[in-house]
Amino acid sequence: MLSSAYRLFRTCSVRSIATWNSLLAGFAFMDQVEEAMLLFRKMIESAVVPNDVTVLTMLSLGARFGHLCHGREMHCYILKHGLTGSNLLQNSLVDMYSKSRQMAAAHRVFDQMQCQDRHAYTSLILGYGMQREGLVSLELFDKMIANNIKVDHVTMVAVLSACSHSGLVTQGQLRFAEMIDVFCIAPRVEHFSCMVDLYCREGLLKMAEEMINRMPFQPTAAMLATLIEACGIHGKTEIGDRAAKRLLAMRTNNPGHYKLIANMYISAKRWPELAKVRSLMSGMELNMIPTHSLLESEYGECPVEQDYCLNRSMPGCLSDDMTDTDFSSSEEVKFNEAFGG
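If you read the sequence shown in UniProt numbering, its first letter stands for residue 1, the second for the next number, and so on.
Take these hints with a grain of salt, some might be off.
For lysine-lysine, the following DSBU-like pairs were computed, each having C-alpha atoms within a straight-line distance of at most 30 Å [what the hints assert, rightly or not]:
| id | residue 1 | residue 2 |
| --- | --- | --- |
| 1 | Lys245 | Lys276 |
| 2 | Lys206 | Lys143 |
| 3 | Lys206 | Lys150 |
| 4 | Lys269 | Lys245 |
| 5 | Lys150 | Lys80 |
| 6 | Lys42 | Lys80 |
Note that these hints are calculated values from the structure, not bench results.
Please put together the full structure from these sequences, using the hints given.
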């Protein structure tokens, strides 16, 4: 469909900004980053002036894939054309830099915002949390509350995720309770997932199991897989066995889930249970493809069979073949002076 739209676009003698934006949105929806950037540059060459919608589309695409060079190009465009007064664009810049793990640049944009709203705070909290700077995330959260900015469920996911990545068990428990008792936010599956992940990372597997059991809804397969992997690492097969039975009952099509269960039984030398899992996998004709659970962002590789699991790529990792876009020297100097190179 997108190729048909592009062919139709090329036949148009008059292309409005809405036409360009529609095609850019299509490329963004299909996650075609390079094609979107080429179209954006073609748009500039055609003397069509992008509007806020255009820039927001490009920034969101760069943020989603951690394409820092594309994000910087859009930031330079914003500076060059004096669009820094738009809070939507500023929020998108903070989000883009945070997801690209460029926290110094993200914080500079944040500091220059006239209105530091919930979205900007949440992006920073999540970004610092991904960098395992959970205490910085909590400082920002406390500042957000002091400034009477309303907290929502997305902010609380960022806060609890920051606690998880930094091993802040007590703070995680306090913030989870605060979410319910102070902010009157009913916990969702994402909040419980963060707490389970926190407990699993710290080896508190009984607490992780209890958290899963007291949820008002069924656990996700990913949540159970995280607990199973942690049980394999810490040798808590009894808890892992209960989680494995629940995961197997879901009959998911993700072969990595079965592999995690098999790894746990291998570590515990539970050969009859291992045979059952392998028989089930054979009956479902599952292909062994790499997967990861939440814990792999902490441990890097599966400790039992390192040739199977992949290192988890974080949202800001840049590939070696990425090249910086050429900017005019004056705009590059302006950018570097403002945002530290």
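Do the hints match the structure? See the list:
no.: 1; hint: Lys245 - Lys276; verdict: holds (11 Å)
no.: 2; hint: Lys206 - Lys143; verdict: violated (33 Å)
no.: 3; hint: Lys206 - Lys150; verdict: violated (34 Å)
no.: 4; hint: Lys269 - Lys245; verdict: holds (17 Å)
no.: 5; hint: Lys150 - Lys80; verdict: violated (33 Å)
no.: 6; hint: Lys42 - Lys80; verdict: holds (18 Å)
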